[in-house]
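Participant: These are the residues of each chain, in order.
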Amino acid sequence: MPAADTNPDVSALAAAPGVEEWHLDLHAQGARRDEAVAHLHGILLRAARFEVFRRRGSLPQLSAAELDELVQDAADDAAVSVLRRLGDFRGESSFRTWAYKFALLEAAVKVRRRAWRDREVTLEPEHWESLAHAGPGPDDDAESGALLEAVRDGIRTALTPRQRLVLVALVLEGVPIDVLAERLGSNRNALYKMLHDARRRLRAHVAAAGFQEANE
Amino acid sequence: MTGRDLDPTLLRLLGSDEPELDCDECFTQLDRYVELELAGAPADAFVPGLRAHLVGCPACAEEHESLRALLELDSVA
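Quick note, the sequences are listed as chains C and D, same order. Counted the way the numbering used here counts, the first sequence spans residues 1 to 216. Counted the way the numbering used here counts, the second sequence spans residues 1 to 77.
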């Protein structure tokens with residue numbers, strides 16, 4: 001049983017039902033903390049390895065050693081994040097689950113960026129014109145065609161240039177959001193907010209053209 | 001034509017007007033949400049807006065799937 005901690009937040013966590021205790025030593029000093037950090041790193045390695053090997057199909061060119069290097073980097077970066085954000089843990093899940101998500105995120109981002117490292121991201125928003133060639137087929141009705149035209153018109157006229165670029169890259173070109181964030185010098189959250197705003201403008205434009213089902 | 005009948009690409013372009021979390025908020029709540037799901041609890045009621053975000057954000061959806069799969073693996077091991 002760890003010694004009582006004078007940090008009131010840590011004491012509260014220790015009292016919460018179902019809270020693992022080892023992670024409380026991450027707030028400690030010396031050998032106790034070192035052991036806890038090693039334990040944490042082991043957990044993060046497990047999650048990072050799980051994620052990298054789950055996605056290894058997107059990195060066929062990498063050797064097992066290179067994949068393992070990705071795993072190690074992801075676990076190391078996740079450890080830094082976890083230790084920096086220890087105060088965010090509120091016991092709403094197990095500490096292991098909470099920590100896992102940091103490693104899964106780091107690993108997923110690294111895999112996506114590595115997979116796209118040598119791929120050009122064509123940041124030419126005019127590529128949305130490819131929608132023009134995805135028009136209704138013989139079995140589609142006139143309403144589908146009209147909706148598609150309304151969407152094309154909305155992309156052309158209702159969005160800012162940046163919104164158009166983000167929407168086209170993420171939705172039409174399938175660029176992973178972390179890859180686009182890196183290329184644009186931005187971050188995932190900012191890009192998603194831009195995508196959200198672009199979608200809202202597009203829905204409003206399409207609804208104003210008489211397609212209320214766009215808001216369903 | 002209803003929203004459900006829309007082409008998948010159009011659905012991804014238009015998104016939904018359901019309230020949703022952003023990526024940072026989704027990450028913050030993801031561990032709690034997945035544990036609730038695996039416990040058979042009404043996760044969407046406890047964490048409103050997260051499911052709608054997973055529909056709109058493929059990256060967060062992948063990470064949700066991964067966390068869920070890892071915890072399921074842990075429960076078997």
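Heads up, a few of these hints could be off.
As the list claims (entries may be wrong) - Some chain D residues well away from chain C (every beta-carbon gap over 12 Å; in silico):
#	residue
1	Gly-15
2	Arg-32
3	Asp-44
4	Pro-48
5	Gly-56
6	Ala-69
What the hints assert, rightly or not - With beta-carbon atoms standing in for the labels, derived distance ranges:
#	chain 1	residue 1	chain 2	residue 2	range
7	C	Arg-56	D	Glu-72	37 to 47 Å
8	D	Leu-73	C	Asp-76	19 to 29 Å
9	D	Gly-40	C	Glu-120	40 to 50 Å
10	C	Glu-143	D	Pro-48	46 to 56 Å
What the hints assert, rightly or not - Just a sample of chain D residues kept apart from chain C, beta carbon distances all over 12 Å, derived:
#	residue
11	Arg-12
12	Pro-42
13	Pro-58
14	Ala-59
For the record, the hints were derived by calculation from the structure and aren't laboratory data. Please read these numbers as outputs of a predicted model, since none were measured by experiment. Backbone N, C-alpha and C define an ideal beta-carbon position, used for all residues, glycine too.
Participant: Evaluate each hint against the coordinates.
Facilitator: How the hints compare with the structure:
| no. | hint | in the structure |
| --- | --- | --- |
| 1 | Gly-15 | violated, 4 Å |
| 2 | Arg-32 | violated, 4 Å |
| 3 | Asp-44 | holds, 16 Å |
| 4 | Pro-48 | holds, 15 Å |
| 5 | Gly-56 | violated, 7 Å |
| 6 | Ala-69 | violated, 7 Å |
| 7 | C:Arg-56 x D:Glu-72: 37 to 47 Å | violated, 20 Å |
| 8 | D:Leu-73 x C:Asp-76: 19 to 29 Å | holds, 23 Å |
| 9 | D:Gly-40 x C:Glu-120: 40 to 50 Å | holds, 46 Å |
| 10 | C:Glu-143 x D:Pro-48: 46 to 56 Å | violated, 33 Å |
| 11 | Arg-12 | violated, 5 Å |
| 12 | Pro-42 | holds, 15 Å |
| 13 | Pro-58 | violated, 8 Å |
| 14 | Ala-59 | violated, 5 Å |
Hints 1, 2, 5, 6, 7, 10, 11, 13, 14 from the earlier list are contradicted by this structure; the remaining hints agree with it.
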